[in-house]
Structures are given as C-alpha cells and as structure tokens.
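K.L.:
Spelled out, the chains give:
There are 2 protein chains.
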Amino acid sequence: MFAVIMAGGKGTRFWPRSREAMPKHLLDILGERTIIRETVERIRPLVPAERTLVVTGRSHAAELIRQLPEIPPENILIEPVGRNTAPCIGLAALHIRKCVGDAVMLVLPSDHRIGDEAAFRTVLQTAARAAAGNALVTIGIRPTGPETGYGYIEQGDRCTPPGDTAVYRVRSIREKPPREEAERFLKQGGFLWNSGMFVWKASAILEAIGRLLPDLNGGLMRIREVLGTDQEQAVVDAIYPELPSVSVDYGVMEKARDVLTVPGDFGWSDLGSWDALWEISPKDEQGNAVRGEFVGIDATRSLVHSPGKLVALVGVEDLLVVQTADALLVCRRGHSQDVKKVVEEIEKRELKGYL
Amino acid sequence: MFAVIMAGGKGTRFWPRSREAMPKHLLDILGERTIIRETVERIRPLVPAERTLVVTGRSHAAELIRQLPEIPPENILIEPVGRNTAPCIGLAALHIRKCVGDAVMLVLPSDHRIGDEAAFRTVLQTAARAAAGNALVTIGIRPTGPETGYGYIEQGDRCTPPGDTAVYRVRSIREKPPREEAERFLKQGGFLWNSGMFVWKASAILEAIGRLLPDLNGGLMRIREVLGTDQEQAVVDAIYPELPSVSVDYGVMEKARDVLTVPGDFGWSDLGSWDALWEISPKDEQGNAVRGEFVGIDATRSLVHSPGKLVALVGVEDLLVVQTADALLVCRRGHSQDVKKVVEEIEKRELKGYL
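Protein chains in written order, with numbering that gives the first Met the number 0: chain A, 0 to 354; chain B, 0 to 354.
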C-alpha cells in the first residue's frame, strides 16, 4: 500500500500564520508538530516512509524535506504549478505504477485534522480492502450541520455484511450545494460529506482518468515515457502548465461507475479557517481556546493564537486573535472566511512582506 | 514666571504601551513627539527652559533628561516616592523661592493633551495675571458630559470686566461626584471640570500649605534648610516617605479662601485611557483611528495603535487594539478602565517582564 499526500495548498485563510512561503500544512497550528508531520505519522502504522509520496509546489519542497526527513527525497514530487487534484493524483499514480507495477494508494490531503487516529486507520484499512477490486473509494464524513462548503456523497446500497465496517455504493456526488439543499440532505439522511480522502488502486484511477479526462490523460502519458529518466522534471515542468485544472471529485468521482464510500467518524476537520480551529480546540471555562501567554478580563468564547507573546483581552467575546512577529489579525468569530479578503487587500496595496 | 511639570504618573491604564519603566508621559502615543515633550514645548513661548522644573520619580529621571535635553538637569526634581500632588508642588515652590525669591508658577500635569495651544496659552496668561495678587487659580474645563472621574468647580462671581477673558471666584470644589450629582451640575450650569492645572505664586501656595497642611509644611521646612546644599537629595529621600500623601485639590483647594478659576476651552483631554485616545484621534470614514499599517474588512469605530506592525481587523466594531513588541491588548471600547485589572493580573501571576 502507498500513501499520496497532497501538499499543494496555499492556506491564505490562515493568514497571518500562513504565508506564501509557509502554507498551513507546514505550520504547527494544532500543537507541537506541524500538520503535515501529523498527517504522515498517523498513517505510519499502515504505510512505511519509503511508500509515502508527497506532491507539492517547488517553493515549499525544501521546507517539506526538512520537516519530513524520513521520506526519501525522490518521493517528493514537484508540481511546477498547481492544477487541482486530478493531475496531482495522476502523477503520483504513474510513479506507483513505475515503482511496483500496481498498488492501492491512500490519497490524503496534507492539512486535515483527525481526532481519533485509530478509528481513522480502521476506516482506511476497510477502504483499502474495498479498493482491492477496481472500485474508487471515497471516505465520507457523517455531517454535523448543513455546511455549504463541502461536497455531499449520496449513499446507495450497503456492500458489506452487518458486523463488518460499513461500505456503501455511491449513488451520486453533489458539489457544494446551496443552503436549502444541504438542509434537505441532512433531514433526508443517507448523505455524507466528501472529505477529499480517497483510496484506490493506481491502475484503477489511471484507467478512470483515461476514460473521463482525455486531455489530462494525454499529458500524463507523455510524462510516463520519461519517468525515472533525467528528463523527468523538465518534461513535467513543460507539460504541467498545459494540463486542465480539474478536481478529482468533479473530473472523475461524479462521473465514474463503481464508486464506493466508507463512512468515517474520527473527529475530522478540514481546518478550513481560524473558526474551525476554535471549534476543535480545547477551551477554558470561559470558552477561550488559548495558545500563548494570556490574560482575560471579562473575555469569552475567543481564540487566542499568539505563541511567545502576551495577549490581554478585556470586555470582548467571540473574537479570533492571531498574532505573528510582524502582523496581527483580530476577526469576529464566524467571519474568518473573510480573512482571504485581507490577503487580497495586502496584494492590492503591495504590502508584499505580509503575503 | 516658572512652570512646574508634574511627571510622577505611572499610567498603567495605557498598558501595554505604558510600563513601569516608561509611563504615559514618556510615550509618543499622540504623535511623533512624546507627551511630556509636547507639554514642555507648548509653554515655551511663556516660560524658558531654565525656568521649567520637572518633578519625577528616580527611575524615570534618565529617560526624562534624554527627552528634554534643553532643561537644565538641576531643574529635574526627584521624588523618592510618589506622595500625590501637594508635596510635589510644595517641593517645586521651595525651589522657586530659593531661586528667585518669588514668582508665579504654572503647575501642569505632564500627560494631558491640549488641542488648541494658542488658546491654552491665553488662558494661562489670564490666570497668571489673576494670580499676581495672592489668589490660587485653577484652570477649569467646560464639561461636555456628566463625567464622574473629575472634580467639579462651582463658579462664583465674575472678577473680570466683560470683554476681558473671564475669571471667576470659586464657590466650591466637589471631588468626583456620583453620576446623578454630575448630571445635576451639568443641568444647573456654572460648573467646570477641575483640570488639575493651577497657577499661583510660590509664596501663596506655600502659605496655604502652611495653614492647611501642617504635617506637609513641617517636612517642607526641613527640606528648605538644606536646599541647594549637597545634603539636599539625601534629606528629601529621608523625609519624603514620611510626608502625607495628599492631593492639592483635596488638601488645599477645597479649603482655601481666595480661589479663582479661569474657564478654558482648548481641546483638553487628560488622556486617562485608550478610550480617551480614540475620542480625540482623527478617524477615517469607518470611524477607525489608526496608527500603523492597517487593513480593515468590515471594521468600524476602533482604535488601532500598532507602530511598525500590520493589523487586520475583520468583522469587528468598537475595539481598542494596541500592540507592542511583546504584548497585545484587545479591549472593548468603553472598558479601558479595566486595563488596570490586566496589570494587576500580570502582577499577581508574576509575569514581570510585562509590567
């Protein structure tokens, strides 16, 4: 079994901690270890370092190698430009085919949070068994609210006998629905959030790309010819900008036959924003989630993220307060999606040091 | 004419900018110059540097000399401990008596803000003329609201003819009244805020202290004997801790006869808190008063004080955000009196570097 860690994210919503040079997955937002370090370590019982591939952008490769010294450098695959998940997964699948002929691959975002790691690994093992045929398996998350930022997986028939971990056929996948539709999904039941984590054989996903994404497939076939030669990176660099930018969800999963899902319940968060971090963080009696030295006077339900600096909150509630050496964010809880507007404004005003 | 600048304040309410080692008057909170520098410069047309005395604590003397290089070092009077305003003023009056026999002295806090400096000087000149007899003159401020943090001066008869700047007899001085009383004063009219700025002859205030504060007077007389000798500071250091801690308002002004007031209207603020700074600061269209690089997304009516660092506010209103190299304060507007509780908490938890 292989693992493919997708580490192409920019994470502008975690400004000011996340920066162009240091996206979310390279940060220690959750604790002492960086997020990608946690991602790699939690699958270590299933996949050794030599079978872990990481796909990332050129500017983050050096830091990534520094953080993951046990991963062989040749397992770090460089995308010259981001082209969404389908090309990234296709490139990794080619490497696996070249390396071992064929294998099941766990495709995992680098920057999610998993609360219960043992439960997570059980789900991955179930998914791997389900993918041993030629099915494409997606990990579904039981929804806790009518979120509109996720895709929804409609469960079909159950494939496993009672007692075994549940695996379902997928009836349909609905990309980010409007609020009313999400509410209907929740009320109706039988829908899961699409976590963006997938399990399949390298041969199965390449076959599906060949059938459903011919442009991408053409590019991948040209890369395949030079794989392992000294021309490899040059050809990837030349071809990648021409590839269609398409997600594996939209480009493959929504259209493929033989798609299965394993519902998971392992304290998942995609850590999409500072709000999400407050949600999953341990809190004190006043509902404050604090990292750093803190004095609160009549201060409640806030996030304070300020490693190494004192923060005092007085008479405030529902704030996200994030501090770095050169910048400070103070954001109302529930508004952290707008942090990307701050980054846009910094770009517009050319305050370049802060990007 | 002499000026006596009282620079003994601690200014904990301006934490985290004000610290034990750097109280409010030594900070550049208002603009490019420090507050005491502005205080000294605005009276320069009336009083030369050699006739300006500054009374301060030992730990702030060096910084004060650095900020006010034109003031002769012997004009910096050191109080070994703070004993409120009456001893401070008495000590300065002794120096003036010793130096020139007698003179009118302008007694000014080091840390107030004056918007209209020309109008302020006109008021001081009027007060100086009124003090040329033996009156004790206090500068009154026309109240703009029923503040409970100030003393109130009840005006009596007018002493100056129409056309001249108004000077009134003082009927009574009421220390910090309860809210209802302050409201009544405002409704009734004829009340002024006590600004804590005074004008009198050195001989007149020493005479009043002699009459009304015999304990203080005894200590001052012992200091007078050694003034100008090499024992002076040693005797001050020995006697000061024994002096009664009493304000000139309570100890003298409320009880003295022949007290006059000159009402002033010159954009005064005692800069008592970060709230006060927001009130007097120029604001942008969203009502934000900003110092430092700033990005606001749906952010209104806030103070941002962050020299040299970027602050982004998202979806918030009515906040006071103050940042230094090592600490951050985020306070709801209207709650900045509670900043002193932060300082108390820092003391209690012995986070000493932050005091």
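Hints are supplied without guarantee of correctness; some may be wrong.
Straight-line C-alpha distance at most 30 angstroms; calculated BS3-like pairs for lysine-lysine [to be verified]: (1) B:K351 to A:K308; (2) B:K175 to B:K9; (3) B:K351 to A:K282; (4) B:K175 to A:K282; (5) B:K175 to A:K339; (6) A:K351 to B:K308; (7) A:K308 to A:K9; (8) B:K308 to A:K308; (9) B:K340 to A:K351; (10) A:K282 to B:K282; (11) B:K282 to A:K339; (12) A:K340 to B:K9; (13) B:K308 to B:K340.
Simulated from the structure, these hints should not be mistaken for laboratory data.
Being a predicted model, the structure only gives us computed values, none of them experimental.
K.L.:
Given the proposed pairing of B:K340 with A:K351, does the C-alpha separation stay at or below 30 angstroms?
P.N.:
Outside the cut-off at roughly 38 angstroms; violated.
K.L.:
Is B:K175 within 30 angstroms of B:K9, Cα to Cα?
P.N.:
Since the Cα atoms of B:K175 and B:K9 sit roughly 20 angstroms apart, the hinted pair holds (cutoff 30 angstroms).
K.L.:
Hey, B:K351 versus A:K308, does the alpha-carbon distance stay inside 30 angstroms?
P.N.:
holds (13 angstroms)
K.L.:
For B:K308 and B:K340, compute the direct alpha-carbon distance and say whether it is at most 30 angstroms.
P.N.:
Holds, at roughly 26 angstroms.
K.L.:
Does B:K308 pair with A:K308 here, judged by a C-alpha cut-off of 30 angstroms?
P.N.:
With Cα atoms ~14 angstroms apart, B:K308 and A:K308 stay inside 30 angstroms; holds.
K.L.:
Given the hint that A:K340 pairs with B:K9, test it: the Cα-Cα distance must not exceed 30 angstroms.
P.N.:
With a Cα-Cα distance of about 40 angstroms, the restraint between A:K340 and B:K9 is violated, given a limit of 30 angstroms.
K.L.:
Is the hinted pair B:K282 and A:K339 satisfied, with a Cα-Cα distance of at most 30 angstroms?
P.N.:
holds (25 angstroms)
K.L.:
Straight-line Cα separation of B:K351 and A:K282 no greater than 30 angstroms?
P.N.:
holds (26 angstroms)
K.L.:
Does B:K282 sit within 30 angstroms of A:K282, going by the straight-line distance between their CA atoms?
P.N.:
The given pair, whose Cα atoms are some 36 angstroms apart, is violated under the 30 angstroms limit.
K.L.:
For the pair supplied as a hint, A:K308 and A:K9, confirm whether the alpha-carbon distance does not exceed 30 angstroms.
P.N.:
It holds: about 26 angstroms lies between the C-alpha atoms, which stays within 30 angstroms.
K.L.:
Are the Cα positions of B:K175 and A:K282 separated by 30 angstroms at most?
P.N.:
violated (41 angstroms)
K.L.:
Verify the proposed pairing of B:K175 with A:K339, using a straight-line Cα cut of 30 angstroms.
P.N.:
Between B:K175 and A:K339 the Cα gap is close to 48 angstroms, so the pair fails against 30 angstroms, i.e. violated.
Of the numbered hints stated above, those contradicted by the structure are hints 4, 5, 9, 10 and 12, listed in ascending order.
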